[in-house]
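J.: This is what each chain is made of:
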Amino acid sequence: MNTLLAQDPTLADFGRDPWWLVLIKIVFAFVFGLLATLLGVWFERRVVGYMQVRPGPNQVGPFGLLQTLADGLKMAFKEDILPKAADKVVYFFAPVISVVCAVTALSVIPFGPMVSIFGHRTPLQVTDVPVAVLVLLACSSLAVYGIVLGGWASGSTYPLLGGLRSSAQMISYEVAMGLSIVAVFMTAGTMSTSGIVAAQGDATRLTIGGVEIPAPGWYAILLLPSFIIFFIATVGETNRAPFDLPEAESELVAGFMTEYSSLKFALFMLSEYVAMVTMSAVTTTLFLGGWRAPWPITLWGDANTGWWPMLWFFGKVLMLVFVFVWLRGTLPRLRYDQFMRFGWKVLLPINLVWILVLSGLRSIEDWQSRDRLLATAIGAGVLLLATLLWPSRKPAPKPTPQEQADNRPYGSFPLPPLDLQVPPSPRTKRVVAEREPANIATGSDSREV
Amino acid sequence: MNTSTVLAAAGQVSGGEEVTFWILAPLALIGAIGMVWARNAVHSALFLVLTMLCLGVFYVLQAGPFIGMVQIIVYTGAIMMLFLFVLMLVGRDASDSLIETLRGQRVAAVVLGLGFAGLVGTGLYRALNGVTAVGLDQANAEGNVQGIARLLFTKYVLAFELTSALLITAAIGAMVLAHIERRKEDKMDQVATMKARFRPGNYPGPKPGPGVFATSSSVATPARLPDGRLTDRSTPAILPQRELTAEETTLKGTER
Numbered sequence: 001m002n003t004l005l006a007q008d009p010t011l012a013d014f015g016r017d018p019w020w021l022v023l024i025k026i027v028f029a030f031v032f033g034l035l036a037t038l039l040g041v042w043f044e045r046r047v048v049g050y051m052q053v054r055p056g057p058n059q060v061g062p063f064g065l066l067q068t069l070a071d072g073l074k075m076a077f078k079e080d081i082l083p084k085a086a087d088k089v090v091y092f093f094a095p096v097i098s099v100v101c102a103v104t105a106l107s108v109i110p111f112g113p114m115v116s117i118f119g120h121r122t123p124l125q126v127t128d129v130p131v132a133v134l135v136l137l138a139c140s141s142l143a144v145y146g147i148v149l150g151g152w153a154s155g156s157t158y159p160l161l162g163g164l165r166s167s168a169q170m171i172s173y174e175v176a177m178g179l180s181i182v183a184v185f186m187t188a189g190t191m192s193t194s195g196i197v198a199a200q201g202d203a204t205r206l207t208i209g210g211v212e213i214p215a216p217g218w219y220a221i222l223l224l225p226s227f228i229i230f231f232i233a234t235v236g237e238t239n240r241a242p243f244d245l246p247e248a249e250s251e252l253v254a255g256f257m258t259e260y261s262s263l264k265f266a267l268f269m270l271s272e273y274v275a276m277v278t279m280s281a282v283t284t285t286l287f288l289g290g291w292r293a294p295w296p297i298t299l300w301g302d303a304n305t306g307w308w309p310m311l312w313f314f315g316k317v318l319m320l321v322f323v324f325v326w327l328r329g330t331l332p333r334l335r336y337d338q339f340m341r342f343g344w345k346v347l348l349p350i351n352l353v354w355i356l357v358l359s360g361l362r363s364i365e366d367w368q369s370r371d372r373l374l375a376t377a378i379g380a381g382v383l384l385l386a387t388l389l390w391p392s393r394k395p396a397p398k399p400t401p402q403e404q405a406d407n408r409p410y411g412s413f414p415l416p417p418l419d420l421q422v423p424p425s426p427r428t429k430r431v432v433a434e435r436e437p438a439n440i441a442t443g444s445d446s447r448e449v
Numbered sequence: 001m002n003t004s005t006v007l008a009a010a011g012q013v014s015g016g017e018e019v020t021f022w023i024l025a026p027l028a029l030i031g032a033i034g035m036v037w038a039r040n041a042v043h044s045a046l047f048l049v050l051t052m053l054c055l056g057v058f059y060v061l062q063a064g065p066f067i068g069m070v071q072i073i074v075y076t077g078a079i080m081m082l083f084l085f086v087l088m089l090v091g092r093d094a095s096d097s098l099i100e101t102l103r104g105q106r107v108a109a110v111v112l113g114l115g116f117a118g119l120v121g122t123g124l125y126r127a128l129n130g131v132t133a134v135g136l137d138q139a140n141a142e143g144n145v146q147g148i149a150r151l152l153f154t155k156y157v158l159a160f161e162l163t164s165a166l167l168i169t170a171a172i173g174a175m176v177l178a179h180i181e182r183r184k185e186d187k188m189d190q191v192a193t194m195k196a197r198f199r200p201g202n203y204p205g206p207k208p209g210p211g212v213f214a215t216s217s218s219v220a221t222p223a224r225l226p227d228g229r230l231t232d233r234s235t236p237a238i239l240p241q242r243e244l245t246a247e248e249t250t251l252k253g254t255e256r
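Just so you know, the protein sequences line up as chains A and B, in that order.
Numbering-wise, the UniProt record's numbering puts 385 at position 385 of the first sequence, and it's gapless, one number per residue.
Numbering-wise, the UniProt record's numbering puts 10 at position 10 of the second sequence, and it's gapless, one number per residue.
These aren't lab readings, by the way, just hints derived from the structure by calculation.
Incorrect hints may have been included.
Partner residues are not named here, just some residues of chain A that face chain B (Cβ under 8 Å, in silico) [unchecked claim]: (1) Pro130; (2) Leu134; (3) Leu137; (4) Ser141; (5) Val144; (6) Val148; (7) Trp152; (8) Ala168; (9) Ile171; (10) Tyr410; (11) Ser412.
Restricting the straight-line Cα-Cα distance to at most 30 Å, the calculated cross-link-like pairs of lysine-lysine (DSBU-like) are [to be verified]: (12) B:Lys207 - B:Lys187; (13) A:Lys398 - B:Lys187; (14) B:Lys184 - A:Lys345; (15) B:Lys184 - A:Lys394; (16) B:Lys195 - B:Lys184; (17) B:Lys195 - A:Lys394; (18) B:Lys187 - A:Lys394.
C-beta atoms are modelled at their ideal positions from N, C-alpha and C, and glycine is treated no differently.
With the hints as extra help, turn the sequences into a complete structure.
T.: And the structure:
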């Protein structure tokens with residue numbers, strides 16, 4: 001256990017790297033974002049293709065892996081159109097803001113524990129600050145500017161509508177997102193990403209019948225409601241289906257990026273996929289134990305040391321990206337008012353109640369076990385009684401179709417008879433009659449004799 | 001405790017801090033001046049965003065990472081986004097007019113602004129005059145976030161709650177003023193629309209086109225229902241209705 005804990009970087013381990021190591025880490029995070037986009041587009045198209053029983057891109061390179069590269073090159077050589085009504089400076093900067101914010105968020109993601117790079121012991125993370133999770137929130141809230149300004153600066157109707165939708169959407173879902181992170185803060189007691197990963201490592205141990213069983217430490221299990229709400233809000237925050245209202249192609253052509261072409265469009269595309277990967281990485285860090293190996297692998301002692309954790313981390317991120325794609329392949333897009341109602345009237349109240357329950361549970365943590373059980377039992381009992389005794393409205397028995405038809409007032413729209421039976425077609429008889437001579441020719445029919 | 005905290009406590013300024021300050025301070029000023037000078041309302045808002053971002057970084061530099069990040073999330077991320085939302089609804093070509101609608105408005109604004117600045121300045125001076133700074137070491141002893149939380153939920157809890165009550169009152173007031181509550185009976189959902197369409201006496205099908213069963217193919221000629229009656233549902237209200245007379249419809253002997 002001691003060796004494991006020594007692997008966890010603390011805040012004191014950051015800010016001690018030489019400049020070349022910092023440079024390597026920054027370049028690594030940036031290249032990770034770019035590569036994730038290249039492979040992510042291919043992955044999404046292949047997976048969606050598999051779900052829709054078609055091959056997907058399979059021509060360029062092995063398994064079509066280079067398809068995105070070819071598309072990217074093609075996009076770079078296309079004509080860069082600047083609309084006449086566009087606000088030129090803002091139009092130019094909007095995609096840049098999107099990409100910068102999406103990539104910056106990767107800098108506080110812990111990719112792994114302490115490792116040795118060219119003799120330096122250093123954490124596999126660009127940097128960490130006491131408020132690292134707030135940095136992530138700030139990045140995601142600033143990324144909206146790219147979309148909103150892009151929509152406004154295009155000087156045309158569909159992009160403007162997309163931008164407006166996007167701003168309202170992001171503000172709504174950021175509230176739900178922030179509230180679900182509050183539960184993580186309360187449980188972990190820290191806001192630094194490496195600290196949250198470390199807090200998910202040392203779980204409490206239950207002793208049942210003399211056998212010590214480590215309780216699950218992942219917040220996805222301990223704080224299940226927060227995890228679910230956070231992931232839903234993440235999908236809303238990254239503009240992915242079924243919440244891709246700002247770029248709903250059936251309503252708004254392409255939403256905020258309708259007027260964009262060539263490299264600027266490519267930047268928007270890049271930022272969307274980097275944001276998807278970043279958000280998966282954030283979810284992994286906050287709720288799925290970060291770089292820590294899942295249970296069966298932890299039986300092998302060295303699972304959480306050295307460079308191995310990076311593999312588990314990438315595995316978890318890949319799994320979450322798959323869920324993103326899965327959602328897109330499965331769910332139809334929500335209507336805008338349904339979407340807003342879901343955010344404000346479902347996610348937000350559930351989150352608030354859950355935080356209240358959680359803080360209640362945490363405040364009775366220090367009590368004696370008998371009092372604690374009693375308090376929990378009383379709370380659960382009140383909840384159960386309220387559920388059982390909640391007045392339920394009995395629906396009136398539904399009238400039969402005949403009753404409905406009889407109760408219609410005079411002058412109603414004419415109704416066909418309800419017991420209508422389709423009469424046999426008069427043509428049927430003729431077909432049988434025409435067949436009669438064919439039977440005679442065979443001579444096997446005894447009735448003819 | 002990171003290095004910047006230690007340096008700031010010792011009253012020194014590190015090289016990195018100085019460089020960052022001299023890059024961002026002019027940017028913050030440009031943003032502030034641009035906010036006032038920009039003719040386009042959205043440009044104004046964007047300049048303000050620039051200033052707020054620079055201020056957020058300054059807070060982080062001065063060993064207040066929490067307040068810096070909150071500045072960026074709340075002011076830049078949420079409040080300015082709402083501003084932009086409203087500005088976009090107003091329209092992209094709406095720029096400020098320079099005509100003074102109220103006489104003496106500018107003079108009054110300058111005087112009141114200076115007066116407010118003086119009031120806040122003297123208030124701060126009187127409040128902080130006798131106070132000796134304890135230093136960042138003591139303020140951030142348990143960590144920056146924990147220090148703020150302790151003050152917020154012990155010493156200043158009443159002021160904090162009052163502020164939040166004020167904000168909530170303002171928000172609810174705005175909603176009450178702007179929200180139009182429609183009675184449940186007045187709401188026409190899809191089921192109600194469908195029932196109204198099939199109500200007795202209402203013909204649910206499409207209106208007959210002009211000239212159906214009519215004696216002439218003119219738009220002004222009302223259609224005939226299958227039982228021979230004329231229906232004026234088929235002609236536009238602005239046209240004078242014209243039905244051919246019996247003499248006009250009979251054969252005129254030209255077919256012979």
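J.: Each hint: holds or not?
T.: Hint check results:
1. Pro130: 6 Å, holds
2. Leu134: 4 Å, holds
3. Leu137: 5 Å, holds
4. Ser141: 3 Å, holds
5. Val144: 6 Å, holds
6. Val148: 6 Å, holds
7. Trp152: Holds - the Cβ of Trp152 of chain A comes within 8 Å of chain B, reaching about 5 Å at its closest.
8. Ala168: Constraint on Ala168 of chain A satisfied, holds at 7 Å.
9. Ile171: Where the cut-off is 8 Å and the nearest Cβ of chain B is about 6 Å from Ile171 of chain A, the hint holds.
10. Tyr410: Since chain B brings a Cβ to about 7 Å from Tyr410 of chain A, closer than 8 Å, the hint holds.
11. Ser412: Result: holds, 5 Å to nearest chain B Cβ.
12. B:Lys207 - B:Lys187: 26 Å, holds
13. A:Lys398 - B:Lys187: Answer holds: Lys398 of chain A to Lys187 of chain B is near 24 Å, not above 30 Å.
14. B:Lys184 - A:Lys345: 19 Å, holds
15. B:Lys184 - A:Lys394: Holds. Lys184 of chain B to Lys394 of chain A sits at ~21 Å (cutoff 30 Å).
16. B:Lys195 - B:Lys184: 16 Å, holds
17. B:Lys195 - A:Lys394: 24 Å, holds
18. B:Lys187 - A:Lys394: Holds, at about 24 Å.
In this structure, none of the earlier numbered hints is contradicted; all agree with it.
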